[in-house]
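Visitor: Chain by chain, the residues run as shown.
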Amino acid sequence: MYFTTFLLKNLLRRKVRSLLTAFGVAVAVGTTVALLGISKGFENSTLQSFEMRGVDIVVIEKDVLDQLNSNIDQKYVEVVEKMPEVAKVGPALVNLEAIDIHGNLTPVFVEGWEPGGYLFEHLEIKSGRRLVKDDGRVCLLGEAMAQKTEKKTGDTIEITGEPFEVVGVFESGNFHENNAILVPLAAYQEVQVRPGSITGFSVVVNKPSGTDIDHVIKTVINKINNLKGEDGRSARLSARTFADYAAQAMHLKMAEAMALMTSTIAVIVGTIGMLNTMIMSVMERVREIATLRAIGWRKSRVMRMIVGESLMLSLVGAVLGVAGAFAITGLLTTLPQVSGLVQAEIADSVILIGFLMAFLVGLIGGVYPAWRATRMQPSEGLRHE
Amino acid sequence: MNKSPNPHRCLVETRKLCKTYPDGRVNALIDVNLCIRQGEFVAIMGPSGSGKTTLLNTLGALDNPTQGEVLFEGKPLGSWGSLDVFRSREIGFVFQAFFLLPTLSALENVQVPMFEGDLPVRKRVERARELLESVGMGHRLNALPPKLSVGERQRVAIARALANEPKLLLSDEPTGNLDSKNEAEVLDLFCDLHRTHGKTMIMITHSEEVARRAERIIRMRDGQIVADDPVVKTSRAG
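Here the protein sequences come in this chain order: A and B. First residue of the first sequence? That's 1 in our numbering, and the numbers climb one at a time after it. First residue of the second sequence? That's 386 in our numbering, and the numbers climb one at a time after it.
Careful, some of the hints might be misleading.
[Unchecked claim] If you only want the chain B side, here are some residues facing chain A, beta carbon under 10 Å, derived:
hint : residue
1    : T439
2    : D448
3    : S473
4    : I476
5    : F478
6    : L486
7    : L492
8    : F500
9    : E501
10   : R509
11   : A513
12   : A546
13   : N549
14   : P551
15   : D557
[What the hints assert, rightly or not] Covered stretches of chain A, as calculated for chain B (at least 3 residues, CB under 8 Å):
hint : stretch
16   : 10-23
17   : 296-305
18   : 370-384
In case anyone wonders, no lab produced these hints; they're calculated from the structure. For glycine and all other residues, C-beta sits at the position ideal for the given N, C-alpha and C.
In isolation and in its complexed conformation, chain B is listed as follows (with noise of 0.2 Å):
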């Protein structure tokens, strides 16, 4: 059940959205239409090979539809010169497994992506400080990865995200490999940059109870999204 978009009011927009991928047997995506709100926070649900990160992929420029179109912010993604740029300037990924590099410090991992900005080195550094301080990592700035907790490691991939200050925050179970402590942590992280700082985030999880800290979930099943309903709030506040 899609919404019907409103191409006015929609940050990132599908129409028909398709993905088959090159040996032509898997319909990754089939006619997805999607409306993605300035500021909402929204969960992807669904099994395995239910086409949630073609999806994600494909909203943040990292794969190509094979049919139908991207629109973000009502123009379509091809009417930007290079999608590298786009994702750049527009989106924060955050990964199950980090991706941290793992001869860089904290506070030199988040700078990676502002080598693509025009910031000179004492703005990176004064930047990804301030960052980390907001993820409540100010005390491990110089840090290696691996001498983190997975805590730790997914609140600095998440600064990291935010480095470039995105519009869409684009996140892949980022609660995966996280316990139960470390999840609710992260998710209390998304929350607040949520609600304090109006990001719009698409989260992909296979988990009900994380799904439910945002304020819509879309649910997929092979290649097509088969429901898509706001969470009505009952007990805890998200």
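The shape of chain A in the complex, shown without the other chains (with noise of 0.2 Å):
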């Protein structure tokens, strides 16, 4: 026999009660790998179709931490185009829409960019085509857009309470984008009734090689930061690196410390599930461990058989809890209300972080009863009725 069998023996006793101890770990953990994995995999997306782009700073207005709530004059891109340091800008109205899908209005972004412009690049048109400099108001949907709305080159849609022609089906590799629609900038500020005005704009600077990319980046937006209108005030732009931006957009900080405060509030719960567990199970066990102890035991060993078992609960509730948190996600996609900014899957370092957490649950739930366990007199415990 080894000694984990003798472990899962003694789990298997009391078979209910472990069941439901391993269930409150797997809820804990299961709601921090979901909320968890649902804000890495928003920021991962972010990041990734700047990264895609190769693009080196993301401005948005000054003193706002989101694109989504930044008003910037449209004419500071061509200001910033014809700096020395700069190969591409790529101006955008984003907004978060409610788009009627089948009778549900669904959140969706819609992204007012320039046709022709290189943000355009790295899309794949699947059927239709890309939109033109003289477009009015035509648009482009993501492939999971297409299939959410059913929609097809020739259709039309409502944006802002505005009919737009559907002109093409593009496929990216961005979850969001996917999940998108495109429309041409003039177009989408008409509508929104935003003249001349964007949400933020993306810089590629120039790469000659030999040069210190870095410098030329922190150049940039040094210049940007530092730009000033025609009446001589700060234009009040807030130029960053893209990884800077994505670390500091409100909406991902926002999911982010959600996540963390009720993984927090789980983990206690959690570990005060799993120390009653173990307590209980010290206290009924007290012949039985000083028999242990009696027939020489060490008091270490006392303490990895209870530890142990905590530990063994954990990685149960961590197993259960893992599957839950794919289960979560996998049916928020189903739901049109968020499934368009809820991606399906998990980064690994996110279940990582959900079986860290349960060893830490098993752990602390399980080193003050064995502590307790240890500190009995074995003479006392062969008593003790």
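Using the supplied hints, reconstruct the complex from the two chains, each of which is provided in its own coordinate frame.
Guide: Below you can see the structure in the form of structure tokens.
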């Protein structure tokens, strides 16, 4: 008999209690993994959309944490474009709109981009055509969006209460873009009643060989941050590397903060549940533990038994929790209200966090009862009724 | 009438052993001097509360004396780095209520003390099987304790006590829960262990008949040894 077999048999003595405790850990781990997974997926998707285009700098309005709340005068795009270090600039007017999909108002990213701009370069047109310079109220649907809305080239879709004709369907390597609608910047500014206004722009710097790219990026960031308007007042632009932008974006930070807060509560609840179970287990087995000591077990062996049982319960909880998190996120992707925002994928790093969390719950939940068990004098334990 | 101990020949020895429980009102052991020689089979008798179990627990390092000392092979127990290790290597315990783990089979119960040793799992299983066969339980290796008779449970407990090849076997009323048939079988087993394997054994009992199977009877009253005499075998060979 292996020591682990012995631990397992101890746990199986109280099957329901063991299962309920593992289930408690599973809820804690599942909640954490699902929330962190969604938040991390969002962050990764944002980073990926910049990365695949080689974006170096993201510019939004100063003192605004998020592109969705940003408002910049489009004229600064031309100013930045003329900087000698700058290769490409991609202005965008982005909004999270409620689009009617089969009677459900569903949040969808609508992005106004300049037709012919470099932002379109990585999109593969699956049907129809690209946006061209003089396009009016037309749009491209991401492949996932086209499937959800069951729209095809030639159909119309209502954006900000105005009909836009679908002229093509594209495929992007990015989850959120595949769930988005792209419209010509000018047409979107018109329906949003924001002429000459954008929410932000991305910048790709020139990268001649032999130059210190980081230095070039820093130079351009400084130049943009110090831009002034015609009246001599600050242009109020905030330029950051795309990694800094993703790390500080308000919606990402909020999602992460919520996930961390929920995780903390889940860890506390899970640990209390584990402590309760293991303390009960020790109290019920006073004579048994004393017997084990009497037949030669060291205190450390008793400690390993209690902590080992606790860690085994945690491990079962972690496996159930991670499976549950996949089930929850999978289910969310089928809900029209959030399907374009939530990915079914959960990063390996998040799964690892889930298992580490379960380990922590098991360790904390097991150590105190184990310590109590080892403090007991064997002769007293043998007299225990 | 304590025998004067000879430290060079005692396996376990006590010197002026006293035990007072924390409330300070019960003197469980008072100046107990005792020598148990290698290979002896000793019975301890006395009324309830006379200090028999306290003495046994102290000899087996399950309890600490308030004063005095216990020596094993001439060395004080305090010289062992860990009393747990001492118990694991040198002492085997058999209890009146067996204290087997209910979810483990007979074979698994006997392996439990061996977790403290360095035997690989296959060797542990092999040794547990041999021990169970030696106590006549080879046919019930995979039976769970609730499925065993009380006599069978005590045999498994004896096999478990022998798992780490202890020099001293301590048993607290090992036949207290047994009927006369099982009692005789367990005592035969003890006598066989003593005679054939030369085990040193100390057994607490309330029964004069059981005590007479040993070769020496120590009688206690109010925490003191009041008699310590060899058993004169008359009819039955022990």
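Visitor: All the hints need checking, so say for each whether the structure fits it.
Guide: Hints versus structure:
no. : hint    : result
1   : T439    : 8 Å, holds
2   : D448    : 4 Å, holds
3   : S473    : 3 Å, holds
4   : I476    : 7 Å, holds
5   : F478    : 5 Å, holds
6   : L486    : 7 Å, holds
7   : L492    : 8 Å, holds
8   : F500    : 6 Å, holds
9   : E501    : 5 Å, holds
10  : R509    : 7 Å, holds
11  : A513    : 9 Å, holds
12  : A546    : 7 Å, holds
13  : N549    : 6 Å, holds
14  : P551    : 8 Å, holds
15  : D557    : 9 Å, holds
16  : 10-23   : holds (count 3)
17  : 296-305 : holds (count 5)
18  : 370-384 : holds (count 4)
Comparing the model with each numbered hint stated earlier shows that all of them hold.
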